[in-house]
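Number of protein chains: 2
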Amino acid sequence: MAKQTIPYKIYLSEDEMPKVWYNLKAVMNRKHPPFLNPATLNPCSADDLRPVFCDECIEQELNDRDLYIEIPEEIRNFYKMYRPSPLVRAYCLEKALDTPAEIYYKFEGNNTSGSHKLNSAAAQAYYAKKQGLKSITTETGAGQWGTALSMAAAYFGLDLTVYMVKVSSEQKPYRKEVMRTYGAKVIPSPSDTTAAGRKILEEFPGTGGSLGCAISEAVERAVTSDSCRYVLGSVLDHVVLHQSVIGQECKIAMDKYGIQPDMIIGCCGGGSNFGGLIAPFMGGKIAGKNNIDFIGVEPASCPSLTRGKYAYDFCDSAKTTPLAKMYTLGCEFMPSANHSGGLRYHGMSPIVSELYHDKYMRAVAVEQTKVFEAAEKFARTEGILPAPESSHAIRVAMDEALRCKETGEKKTILFGLTGTGYFDMAAYKAYNDGTMTDYIPTDEDLRRGFASLPDIPQNR
Amino acid sequence: MAKQTIPYKIYLSEDEMPKVWYNLKAVMNRKHPPFLNPATLNPCSADDLRPVFCDECIEQELNDRDLYIEIPEEIRNFYKMYRPSPLVRAYCLEKALDTPAEIYYKFEGNNTSGSHKLNSAAAQAYYAKKQGLKSITTETGAGQWGTALSMAAAYFGLDLTVYMVKVSSEQKPYRKEVMRTYGAKVIPSPSDTTAAGRKILEEFPGTGGSLGCAISEAVERAVTSDSCRYVLGSVLDHVVLHQSVIGQECKIAMDKYGIQPDMIIGCCGGGSNFGGLIAPFMGGKIAGKNNIDFIGVEPASCPSLTRGKYAYDFCDSAKTTPLAKMYTLGCEFMPSANHSGGLRYHGMSPIVSELYHDKYMRAVAVEQTKVFEAAEKFARTEGILPAPESSHAIRVAMDEALRCKETGEKKTILFGLTGTGYFDMAAYKAYNDGTMTDYIPTDEDLRRGFASLPDIPQNR
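Chains as they are written, first to last, in my numbering: chain A, 1 to 460; chain B, 1 to 460.
These are calculated hints, taken from the structure and not from any lab test. Beta carbons: idealized from backbone N, C-alpha and C, even for Gly. Be careful, since some hints might not be right.
[As the list claims (entries may be wrong)] Partner residues are not named here, just some residues of chain B that face chain A (Cβ under 7 Å, in silico): (1) ILE6; (2) PRO7; (3) MET81; (4) ASN110; (5) ALA154; (6) GLY157.
[To be verified] Okay, derived cross-link-like pairs now, DSSO-like style, lysine-lysine, Cα gap no bigger than 27 Å in a straight line: (7) B/LYS185 with A/LYS9; (8) B/LYS19 with A/LYS95; (9) B/LYS289 with B/LYS31; (10) A/LYS405 with B/LYS80; (11) A/LYS95 with B/LYS289; (12) A/LYS319 with A/LYS199.
[Unchecked claim] Coverage of chain B stretches by chain A, computed from C-beta distances (three or more under 8 Å per stretch; other residues unrestricted): (13) 159-169; (14) 377-385; (15) 407-416.
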């Protein structure tokens, strides 16, 4: 097919927007091992999960049969408020790098939550409403996920309680205000609203809280109420499924213009953005239809893929969740003060982990100051001020484009730009002031983290 | 023409994007009176303005002959980075209001500066570059304009110095960081870098500064250098001209779908957004081709159109600029603490003023708490968290839609959504906490403001 002139930004029309999510698990030759009930070490059944999650999300979590899962019309209508997101041809960046490579990015930041998180928030809120629930609850650290869920809950008419890590709620009062504006109740965690919170407060009266504690409080709130469920913003298979709307839109837009990506790059925290971005393309690779180079990018300070172990581990540091087989640094691994809040997770999506283990993709770890150098360059040439998380992908995309300049190769590079950095200016300030430092965990740091892996037979 | 189904969002293709700005002055039956040199009270010549502004901007400022002015390709390429902006059909808001009215809004917030300001920043930076200048300078209060200009200066490779009102730079450190990330030098004003700043610092050592003082410093920087010029973000005719890209895109999109607006609503601070939004539609009204109801919305706390005088006044409170004939509250009118920073201006675009004086449009003043009530409703139904400034237009659009519900009229309403409120969360917090108050100036407040009008013959 003859290439047309590619516009700066490709927007699908409403007719062209995807009507189905892409369930990557259905085409994977090896499925990732099942979640385990930590008490029995038996695979989790739907009934095990029912007190915590919505029924439809559990169904999707366990579904590895159906390649396409219909996006309900109500969710598609919600998506129309902020989707399609643009697929952008980075003409200005290409020129600035003087590279023969063609660079594209899928920009998910043009919505009030500022990131891709809204794609799954919308779906999970809808399913909760459909099930007749009155309320949902979650935890949030940096606040992106809490904001996204607040928007979705307001739209579908659900009460939402967000447990926000206390120190974050104090450091980011304006994130909290966005959630409040959408009608969410934001409770600094630990709080006296749950037994878990009261216990922590008793033991550590002045604590600033932790994500692990906030998860425990939200889960407790869900399991102690018939009309409330817990929702999670990453890691789980159904979240990756919802995020496949990103990859689906990319694929439709690229097919329309006859663009064949040679590499697809995304940042990896919990893995849902990356898993969603690559989904239909990876399906093609598994079926032998392409040989795309997939690259997951993680911070050198929290290198779960590049230096972690493929093992069963808890999803939270409080050790309350089911066990997932994933690349992990150990649930008690304590990431250093790294500004990319959304990438500070000890584990990784089981789907992404299995793909990495089976060598369908590779992973790269990058250091923070190099990431911000790329972020600044990108902001100045492409206009968009990127989130620190997203800038990990920018860094590697730029490195690959510069490699093309050396070799003269005209590769087509696609990367995921997950969000904007408007609420991350403290990190930019550190970079602008020259006070930002890099941190790479020592082998001893990693050893301490691995020591927290559950003591169970790992080869199941 | 039969109406097609209107998508949630209408994006023009690159081919459809406007190639010309619409110079409203060329079709106005009465042109606004000329700027006056305050020393001689003679009309300002191009030579009077040359030490301050770029040559091409002066040419555009004085041009009332050419209806269409070509947008240079370099600026159109810049526009392609963040334009076209979407024209959104507010299906969700219509449903929430249960109104027969059809509501559209043109959303200018999907860029890093967060507002429409970038449309003129791009043009002014380009013309400075083309003239061979090395640097530009400006002042900023809340920071939106400074951010937009930082982005444009980075793109075109110009040095930029921003004088930021000192108290703002302390209260909004992150706004400052965005500008720094784009390479701008941000100087809290008053500063010791200018004679004007040093004088103020000597007289008032602890002052937090003012917009008037920051303007004086920036203008001084420009006029004392051959390679630097001053750029302004609103009020002036050439800024309104650049902003006409908003109205041009609206008109093209609406014509394409056969949509005829019955009313067009926009917020009015300096008037450039409103003037740009209405430009081609107002041209039609002047030519007798439509009878659109144009409504400018201003805060009740700073009511230059609804309670001001049509008089010659200084554009700045320091009384250093040429005199402009405009609706004004007097250049020393001190707006109360109103959170809509961008609407706290004593005067109004001379173009908008003349149109208002000649009754081609009307104006409405609204109170702050009512504005935030509308903002919250809009955020929860349409997803976008609006800037307080933009929310003035939302308030009146909602009021008009609710009036339609009473009367059963199916009016088509278009309003301008100029930007996002991510950097205005302190104001939202006040609203969420219930501590926000309204303020309407007393007649005595207005009298004090009018007393600062220059003592010259006003009927010229």
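Here is what the structure says about each hint:
A distance limit of 7 Å between C-beta atoms decides the matter here; for B/ILE6 the minimum to chain A is near 10 Å, and the interface restraint is violated. Hint on B/PRO7 holds. Least Cβ distance to chain A is approximately 5 Å, under the 7 Å limit. Evaluation of the B/MET81 hint against chain A yields a held restraint, the C-beta minimum of about 5 Å falling below 7 Å. Against a cut-off of 7 Å between C-beta atoms, the interface hint on B/ASN110 holds, since the closest Cβ of chain A lies about 5 Å away.
Because the beta carbon of B/ALA154 sits about 4 Å from the nearest beta carbon in chain A, less than 7 Å, this interface hint is met. Against a cut-off of 7 Å between C-beta atoms, the interface hint on B/GLY157 is violated, since the closest Cβ of chain A lies about 10 Å away. Our distance criterion of 27 Å between C-alpha atoms is broken by B/LYS185 and A/LYS9, whose separation comes to about 31 Å. A C-alpha spacing of about 23 Å is found between B/LYS19 and A/LYS95, which places the hinted pair at or below 27 Å, so the restraint holds.
With a C-alpha separation of about 20 Å, the suggested pair B/LYS289 and B/LYS31 falls inside the 27 Å cut-off, and the hint holds. Our distance criterion of 27 Å between C-alpha atoms is met by A/LYS405 and B/LYS80, whose separation comes to about 25 Å. For the given pair, A/LYS95 sits about 45 Å from B/LYS289 by alpha-carbon distance, which is inconsistent with the 27 Å threshold. For a cut-off of 27 Å, the pair hint linking A/LYS319 to A/LYS199 stands: about 15 Å separates their Cα positions.
With 0 residues having a Cβ less than 8 Å from any Cβ of chain A, the stretch 159-169 of chain B misses the three-residue criterion, and the hint is violated. For the stretch 377-385 of chain B, the stated coverage by chain A holds: 7 residues have a C-beta nearer than 8 Å to a C-beta of that chain, and at least 3 were required. Using a Cβ-Cβ cut-off of 8 Å, 0 residues of the stretch 407-416 of chain B lie near chain A, which falls short of the minimum of three, so the contact claim is violated.
When held up to the earlier numbered hints, the structure conflicts with 1, 6, 7, 11, 13 and 15 and fits the remainder.
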